[in-house]
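Novice: Residue numbers (the numbering used here), protein chains in the order written: chain A, 3 to 114; chain F, 241 to 356.
Bear in mind the hints are in silico, worked out from the structure with no lab data behind them. Where hints are given, some of them may not hold.
To be verified - Chain F stretches covered by chain A per the calculated footprint, using a threshold of three residues with CB under 8 Å from any CB of chain A:
| id | stretch |
| --- | --- |
| 1 | 262-269 |
| 2 | 299-310 |
Said to hold, decoys possible - Negatives, chain F to chain A, calculated, CB over 12 Å:
| id | residue |
| --- | --- |
| 3 | V244 |
| 4 | Q246 |
| 5 | P248 |
| 6 | P283 |
| 7 | H317 |
| 8 | A320 |
| 9 | D325 |
| 10 | L328 |
| 11 | S334 |
| 12 | L338 |
Think of the CB as a built atom: it goes at the ideal place given N, C-alpha and C, for glycine as much as any other residue.
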Amino acid sequence: RKEVEQDPGPFNVPEGATVAFNCTYSNSASQSFFWYRQDCRKEPKLLMSVYSSGNEDGRFTAQLNRASQYISLLIRDSKLSDSATYLCVVTPPTDSWGKLQFGAGTQVVVTP
Amino acid sequence: DTEVTQTPKHLVMGMTNKKSLKCEQHMGHRAMYWYKQKAKKPPELMFVYSYEKLSINESVPSRFSPECPNSSLLNLHLHALQPEDSALYLCASSQDPLAGGYETQYFGPGTRLLVL
Numbered sequence: 003r004k005e006v007e008q009d010p011g012p013f014n015v016p017e018g019a020t021v022a023f024n025c026t027y028s029n030s031a032s033q034s035f036f037w038y039r040q041d042c043r044k045e046p047k048l049l050m051s052v053y054s055s056g057n058e059d060g061r062f063t064a065q066l067n068r069a070s071q072y073i074s075l076l077i078r079d080s081k082l083s084d085s086a087t088y089l090c091v092v093t094p095p096t097d098s099w100g101k102l103q104f105g106a107g108t109q110v111v112v113t114p
Numbered sequence: 241d242t243e244v245t246q247t248p249k250h251l252v253m254g255m256t257n258k259k260s261l262k263c264e265q266h267m268g269h270r271a272m273y274w275y276k277q278k279a280k281k282p283p284e285l286m287f288v289y290s291y292e293k294l295s296i297n298e299s300v301p302s303r304f305s306p307e308c309p310n311s312s313l314l315n316l317h318l319h320a321l322q323p324e325d326s327a328l329y330l331c332a333s334s335q336d337p338l339a340g341g342y343e344t345q346y347f348g349p350g351t352r353l354l355v356l
């Protein structure tokens with residue numbers, strides 16, 4: 003079983019619509035959780051950290067469910083510029099410091 | 241400013257060449273990383289430097305040789321690479337290794353390497 007799993011998509015989303023997707027992680031002792039976005043042939047860029055209480059940044063909302071070991075990302079009012087691959091990233095327990103665990107990414111394509 | 245810079249942006253090299261990739265950050269971060277990323281795959285960790293000392297080597301072949309001359313700079317020396325080493329090489333940094341498992345890593349734009 004992979005440490006971090008994501009639906010690869012693609013999620014084809016009409017402009018202005020809402021899209022949501024999840025990521026599951028296998029180690030219940032995982033420390034921190036992030037969503038990065040990666041555009042084609044570019045570097046991953048931090049989108050947001052994910053906290054147990056849930057957090058929102060503009061049109062983006064992230065949630066963490068430790069009991070079920072998943073995190074989610076919701077994008078409201080999708081823009082064409084939201085088209086990207088969204089990487090779920092998990093920090094393992096502190097004895098594996100530095101070794102981020104990446105999901106394979108969820109591709110989102112926003113269409114006019 | 242969360243900026244990590246990398247040079248060169250693109251590199252083409254033959255299997256007998258020696259080249260180096262460079263990475264720089266001026267955020268005062270004390271951990272720096274090298275990753276390799278193939279198309280449609282997530283980044284794979286290669287090396288981690290913590291306070292200028294190599295702390296993680298993910299069983300990377302010796303044809304890749306990292307170097308951390310100071311807290312702002314990270315190099316990756318390349319020698320006798322194979323065509324399968326062609327990939328995007330990403331550098332990243334994070335603030336304080338002693339902070340435990342809560343570190344956010346910031347990535348540079350990468351060097352796209354083609355080995356012929």
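Novice: Compare the structure with each hint and give your call.
Specialist: Structure-based check of each hint:
{"no.": "1", "hint": "262-269", "in the structure": "violated (count 0)"}
{"no.": "2", "hint": "299-310", "in the structure": "violated (count 0)"}
{"no.": "3", "hint": "V244", "in the structure": "violated (8 Å)"}
{"no.": "4", "hint": "Q246", "in the structure": "violated (9 Å)"}
{"no.": "5", "hint": "P248", "in the structure": "holds (15 Å)"}
{"no.": "6", "hint": "P283", "in the structure": "violated (6 Å)"}
{"no.": "7", "hint": "H317", "in the structure": "holds (21 Å)"}
{"no.": "8", "hint": "A320", "in the structure": "holds (26 Å)"}
{"no.": "9", "hint": "D325", "in the structure": "holds (18 Å)"}
{"no.": "10", "hint": "L328", "in the structure": "violated (8 Å)"}
{"no.": "11", "hint": "S334", "in the structure": "violated (8 Å)"}
{"no.": "12", "hint": "L338", "in the structure": "violated (9 Å)"}
Of the numbered hints listed earlier, those contradicted by the structure are 1, 2, 3, 4, 6, 10, 11 and 12.
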